[in-house]
Amino acid sequence: MIGSIILTLALAFSIISMIMYFLNYRGYKNTLNYGRIAYHGMAVLVIAASVFLWYAILTHQYQYNYIYSYSNNALRDLGIFQLLSSFWGGQEGSFMLWLLLTAIVGIILQSYSSKRGDLEPRVMAVFTLATSFLLVMVSPWFKNPFEYIWVTPVFVKIEHINSQFLNSNVYPFIQSFFFTDQSSNQGFIQISSDLVSQLKQAGISVNQFIIDGKGLNPQLLNFWMQIHPPILFTGFSMATVPFAFAIAALMKNDYKDWVKQAFPWMLAGMGVLGLGIMLGGYWAYEMLGWGGYWAWDPVENSSLIPWLVGIAAIHTLLVQKKTQAKGGIGKYAKTNLMLCVLTYVFVLYSTFLTRSGVLGDASVHSFVDPGMIIYLFLLLFIGTFTLLGFGMIAFRWKTLNENIKDDESLLSRELGLFTAMIVLIASAIIVLVGTSAPIFGTAVDTYFYNEMHLPLAIIIMFLNGISLLIKWQKSDANELIKKSTYAAVGAVLFTILLVIFGGVREIMMIILSLTTAFSLFVNLDIAIKIVRGNFKMLGAYVAHIGIALFILGVIGSAVYSEEVTVDLVKGKPVTAFGYDLTFTGGYPIENNTKFAFNIDVKKGNSEYQIAPVMYRSEFNNSIVREPAILTLLTKDIYFAPLGYDEGGQTQSQHSHNHISLEKGASTEFEGTKVTFVKFNMAAETMQAMSEGKDFQMGAVLEIEKNGKKTETELLRKQIDGKVEFTSFESKEMNLKIEMENLSAGVIDIALSALDGSETQTTTTQTETNEVLSVNASIKPFVNLVWAGVAIMVIGFFIAMTRRLKESRIVS
Amino acid sequence: MKNKYVFGGIIIAVFLVLMGYLFTQSNIEYVDDFNKVMSTEKTVKATGSWVKEKNYQIDNQNKTFSFFMADDHGKQMKVIYEGAIPNNFESATSVVVTGKYENGYFHAKDILTKCPSKYEEQTTNSSL
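As they're listed, the protein sequences go chains A and B. Using the numbering used here, the first residue of the first sequence is number 1, and each one after it goes up by one. Using the numbering used here, the first residue of the second sequence is number 1, and each one after it goes up by one.
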């Protein structure tokens, strides 16, 4: 309740702040302070609500549906951060995280904008519109993380209920909330407001009643999943800022300062977002075991689109800033406004794709259908910001047309940067079209993205090298050729080496390697010159070196990856890629919850040990496989476990007449009719089931032969965890009935004649070896993928510090 | 002559044409009617559910994983996937397989499983 009240108050503060800032912009001088106070009030409340959610997670308050659904007691054993990260395990919490980070970014933005002329009221009025929408999203009417569990009746596993309350002798009302699942024989208690009021009468709080939660998918229990969402959402939050600056400029109809003011935010935001996207890729590589880091999955793609648009904007923002020096609003003013608007609109579109359920069948990690109302609200969210952005641009179109006339020459850096923007936008359009296809009931194969991006990457890499050698305005062709000689020769040599020793043979790959190496050498050359001189100018070159290394890593790891599936018999070495692989045995890890399989990897004198992991997860009752990665300097060897056969002797008997009977059904055997009448379950059984204690259940059968009827009860007994079944024999009827299984609604029985007249028992015995099946693959230079992105991000931040200084200069 | 429009225009035009072509080539339709899946020769994304009663088989020799899938009308088909059983498969409520129907089997090159988020979907009230 407290959480919901805090969030509702925060929403009120956010709206008040927006109104006050807007009024200040319209000329009411005294409302500025109210706007500031309201904004900070909102931010404090949002932080308080987040702290409260963390507190509730730490104290295991399962009366909140969100905490029951995404947290549990076992997470505590994995470390406090693991438990705290269940904050963003589900939809409600990730909206909450986004809101929290946006509120914090806003505090910095408020201070930043208050020091830069009359910027604050306009920027903050737009920014608080965004926070208001996010606050509506987590408000009690939508995706509220503080919703109580009984608001929409939920089935809670019987193991998650405090067993002392399951005694139906003491608490008879529990019985009517007990359910079982037919297929898994799992007991549930339905938590509804009805049950809660009855519990209250009995003096039991919901928090006492529900003592454990469902927890997180084990594949999310990973360091990378703790940091990937906060970083990604920081990037999302920061993308709000250039949007706010663009609208602020349009409101004032003054386009001189906004470019340099928005520039450091755009650089930092895209740096953070890029890092967040990469961490997601690294998580997939390390955890999911399919051997790659990028699957063109809609969820990955949808965060890539705003990043590509933002990167495109950085290039043309640079041109506008540079050309402003000659007076006027500078080149590409309209383009830049549109790109800054689009960056945030695509962040919202990304949210829409992954949260609205439209991608239901298309993506592994998209959330399940959240309902029509959320769908419509997300549409309203995107619609509002799209209309606001493009509406304002259309409104100011005439002023924006007063552009400077002089045209750039073919060999100008302006044109190089403009072309870079176009190519990046082309990439964004491709990803957008492919990703949005499922909305229209179709989908594209991943080769759509790969084949489209190959020529794009070649152009990007070429531009990446050449445009940094071209001067602003006009460059001399001869001078350019002279300057690029070293890099071009270096690139050709590098590519020849790659073709001869690296086995690169496809023509497109050779061209891509050539342009990438060219870009790398050009940027390295300039960077080395700069390091001796002015360090702060280094940003762009470092970022470009990073992207060139990244592309080289992609060429190596994606195109020249080899894989093989091997069966490793224990103790017998198998050779793959020149390495001797020996499976030496499995051993339990992490309190016997998981099983690691040790493999010795040997080549010449170097010997390594790696251990992929497999286990059955209680979370979803499925087998989870975790790959093991052997990271060497020039390559990774990636081992994804496929299966394990423990071998030994297996015995199987086939003879009896096996049959499954549903309740009320009957079967005929040698003239005898057997009917399954009902189950027989004692009151304490339910409680015993929940505690995992021994319990006993019976199935009542009616047997009819030659008009004579008898009834018998076959029992399923559990003694010290071991399940036994009783059987029925009748000499008179020459019949033996053995129970083989009992599950909710169905029993399995075996019928046979006592004298063995109708059947013969056959026993088969087989002996097998202990075998581990793994998919092993070589990923050449995959390290460059991570290193490249990391270097690129560093470049963004170097550039950001330089642009931050420039943004303080008032023109 | 405005260089930027020539440059930008050419690049965008070339890529739009390329994209249009590749889009129709790599286009995969979602089909939830298995009669249609069986009659078409194109690669499709067939959506349905796993027939639990028929279980699944893992063939260690050929490294394949096979199971039966049913559509909403109860029409069943056998699916063979070259690879390991996907994580979460046992608890999946619906399955999306990408591939082609040939020689009496659906040859899947990709399996995507959707898991229930709430227990309502799998819980039925049995009167024990």
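It cannot be assumed that every hint is accurate.
Calculated lysine-lysine pairs in the DSS-like style (CA-CA distance at most 30 Å, straight line) [unchecked claim]:
{"#": "1", "chain 1": "A", "residue 1": "LYS115", "chain 2": "A", "residue 2": "LYS326"}
{"#": "2", "chain 1": "B", "residue 1": "LYS4", "chain 2": "A", "residue 2": "LYS398"}
{"#": "3", "chain 1": "B", "residue 1": "LYS52", "chain 2": "A", "residue 2": "LYS594"}
{"#": "4", "chain 1": "B", "residue 1": "LYS63", "chain 2": "A", "residue 2": "LYS603"}
{"#": "5", "chain 1": "A", "residue 1": "LYS705", "chain 2": "A", "residue 2": "LYS736"}
{"#": "6", "chain 1": "B", "residue 1": "LYS4", "chain 2": "A", "residue 2": "LYS321"}
{"#": "7", "chain 1": "B", "residue 1": "LYS42", "chain 2": "B", "residue 2": "LYS4"}
What the hints contain is simulated information worked out from the structure, not anything from laboratory work.
Exercise for review: Would you list, in rising numerical order, the hints stated earlier that this structure does not obey?
Suggested key: Those not satisfied come down to hint 7.
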